[in-house]
Amino acid sequence: MKQIPLSSRLLTTPQCIISWDELTWDLLIQQGYASGLLARMYNVLSTEKLLEHIPKHIIWHFESAYKLYQAHYLDVVYEMDKLSQALNVAGIMPVFLKGAGYIASRDNSYFGRLFADVDIYIPKNKIASAEQMLKWQGWESKKLDDYDESYYRKWMHEIPPMSHKMRGMTLDVHHSLTPLTSKMAMDVEKLEKKVVLSNETGYQTLSPEDRVLHSAIHLLLDSEFSKGFRDLSDLDIMLREFSGKNSDFWCALVSRAEDLAVGRVLYYCLMSCHQIFETPIPDEVIKQIKGFSPSKIVNKIMLTCFYAVLLPNHNSCVPRYINIANNILFLRSHWLKMPMHILIPHLFHKSFITPFTEWNKQQKETEQNLKG
Amino acid sequence: MRLADLNKTELAKRLNHQGVCFFAGGFSVCLNSKVPAIVDGLLSQYGNNLLNEADFSDFHINIKATSGVRRFIRPRVQFFLNGNAPFYPMPYTQAFPLLEWGMNWCVTNHCHEHLVIHAAVVEKNGKAIILPGTPGSGKSTLCAALANTSGWRLLSDELAIYNYKSQMLVPNPRPVSLKNQSIDVIKKFAPSSIFSPTVHDTIKGSVAHMMPSIESIEGTNNDAVPAFVVFPKYIAESNSELELVSKGDAFIQLAEHSFNYQILHSDGFEAIASLLDQTNCYKYTYDGDLAVAINQMESLVCL
Chain B
0 MKQIPLSSRL LTTPQCIISW DELTWDLLIQ QGYASGLLAR MYNVLSTEKL LEHIPKHIIW
60 HFESAYKLYQ AHYLDVVYEM DKLSQALNVA GIMPVFLKGA GYIASRDNSY FGRLFADVDI
120 YIPKNKIASA EQMLKWQGWE SKKLDDYDES YYRKWMHEIP PMSHKMRGMT LDVHHSLTPL
180 TSKMAMDVEK LEKKVVLSNE TGYQTLSPED RVLHSAIHLL LDSEFSKGFR DLSDLDIMLR
240 EFSGKNSDFW CALVSRAEDL AVGRVLYYCL MSCHQIFETP IPDEVIKQIK GFSPSKIVNK
300 IMLTCFYAVL LPNHNSCVPR YINIANNILF LRSHWLKMPM HILIPHLFHK SFITPFTEWN
360 KQQKETEQNL KG
Chain R
0 MRLADLNKTE LAKRLNHQGV CFFAGGFSVC LNSKVPAIVD GLLSQYGNNL LNEADFSDFH
60 INIKATSGVR RFIRPRVQFF LNGNAPFYPM PYTQAFPLLE WGMNWCVTNH CHEHLVIHAA
120 VVEKNGKAII LPGTPGSGKS TLCAALANTS GWRLLSDELA IYNYKSQMLV PNPRPVSLKN
180 QSIDVIKKFA PSSIFSPTVH DTIKGSVAHM MPSIESIEGT NNDAVPAFVV FPKYIAESNS
240 ELELVSKGDA FIQLAEHSFN YQILHSDGFE AIASLLDQTN CYKYTYDGDL AVAINQMESL
300 VCL
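If you're matching them up, the sequences are chains B and R in order. With the first letter of the first sequence counted as 1, position 186 gets the number 185 in numbering that gives the first Met the number 0; the numbers rise by one all the way through. With the first letter of the second sequence counted as 1, position 41 gets the number 40 in numbering that gives the first Met the number 0; the numbers rise by one all the way through.
To be clear, the hints were calculated from the coordinates, so they are not data collected in a lab. This list has only true hints and no planted wrong ones.
Simulated restraints, written as ranges between beta carbons of each label pair:
1. B:257 to R:108: 37 to 47 Å
2. B:225 to R:165: 36 to 46 Å
3. R:108 to B:167: 11 to 21 Å
4. B:245 to R:33: 47 to 57 Å
5. B:143 to R:85: 22 to 32 Å
6. R:197 to B:51: 41 to 51 Å
7. R:7 to B:167: 42 to 52 Å
8. B:243 to R:248: 51 to 61 Å
9. B:191 to R:65: 42 to 52 Å
Under the rule of at most 27 Å between Cα atoms (straight-line distance), these lysine-lysine pairs were calculated in the BS3-like manner:
10. R:246 to R:282
11. B:244 to B:192
12. B:349 to B:360
13. B:55 to R:164
14. B:363 to R:203
15. B:349 to B:142
16. B:193 to B:125
17. B:193 to B:81
18. B:48 to R:164
19. R:232 to R:246
20. R:33 to R:203
21. B:226 to R:63
C-beta atoms are modelled at their ideal positions from N, C-alpha and C, and glycine is treated no differently.
Whole structure, please, built from the sequences with the hints as guidance.
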């Protein structure tokens, strides 16, 4: 078994830092910056009362990262509050997804995590009134060209991203959880039936099993993995927390994945968590999910690719074949997201027509600037 | 051991392989680069800086030439921190200014245990003057002139780092960045100072760096007491005069000039408040006559 990266070791067995020398810390801080997880590490060390073992001249890196996390956290909580108020007027209660979802349900996975945007789900029949309501309350849609706009509306699982004109945080409003064209489209109705209301926060999120599956789908069907290690760490934390709280969790997770027809994704997710974070997964669960694995060769290729891209994005971790892995996963992501008759025109547009219109626009702008 | 104790070949070799680890201002940097301008820049500007013998460095930086066909026509360099590139590549000739800007970015983007303000800081008689300023305000010119006047030490030409827990200013003495006309002005004012070669056509125009005095570098670990906030404003053919600014006005300006006021939330508010409790604030219009300006700054710290 390969040794897990230094960053995973700190997150899962924090006592290990007691024996670390300067050189190990030097590497850890570099990995921490590259993966954006210094704040989470600080939180783990603080909970375990191990902060005194961080060398004095190094601790500011953690403290600063933690300050940044706190600022992000307060901003997201404020945004969630404003958002709920705005939608409440129309009698709509959003379901918070991903990062905001972790906050809404008070999962451990929000600790020390930075948030780039807020994601919410609103049933498709209420999208129009929600969008109207948000616009009245100061949210604006980002300007897109006609092609992108219609592409979003026709094929995507979300409306074009919005942001509040005073605060600027991006808001993604979803009406489905995977692109409508995706080969792994999740049945929204099934998800909606299991939505839970948090007693603590009064916000709605997906059920614990669905939170895991949704995050796994997002991570593993995507084509961009620069924050892959962080997202996998979220999953590791969720799996540990949920299985600790509820002894039926593993069983429920596997049968839910089967029910939603995303067993393969769950298989990749659990195997990657186990490889990189040594997430404790019971043997019988491993046996069960192996039923979802693809043929031997594909299995080997996929697990190797995921392993490469989900490690911390730093020289000390990434293997030589990282570019190949990224390319394979990029193609796979597009293949899964869109059938050929949509994908090919889309790629054609993006590689020839978009650059041309951009160039045209630039020319016009320079002309105008010269005139001005 | 100081950086100047390495000869050029040894320095270039280290930059190429294990990296050169040294103290740049208040932070330790481990630098790799194969770009010759970086070797020259380091030798010209960082000779007095101590090498870091420890295994830990705050920032691992690499300045690399970009690959691809383009390098034969218009070669460019890129700044990497921990292997990730936060900026677009820049022309090859601008490697040293890129390193300097990148190191500033490292501080403003990662140092949130202190309030970081876009300002120059100089000190005399145990009293530090913070000079916040927008580009063109004459902040760097004034700072460079003071840094070359005996009795003054440079804390920073760009970043005032205020430790709001100890209520002291943390020095970060690094080469002073001079732009356009002020390069010749300071070369005339302080001909014995050491300047890096001028690089033209950067996004900020022509840029040259000036080495800080050895006293400034040796004072890196001595925090300073903030005594004045002076907002300089260069206006040709004006009267050089200091004018009191209200604390409320100064607060808003400092918040605008700080990089992490919003990240610090309520701590940021408390930080500026405690900084203003210790300082008198002035608006300073000056016509570019450095002798007069130095006298006026001296009169502040000699009271």
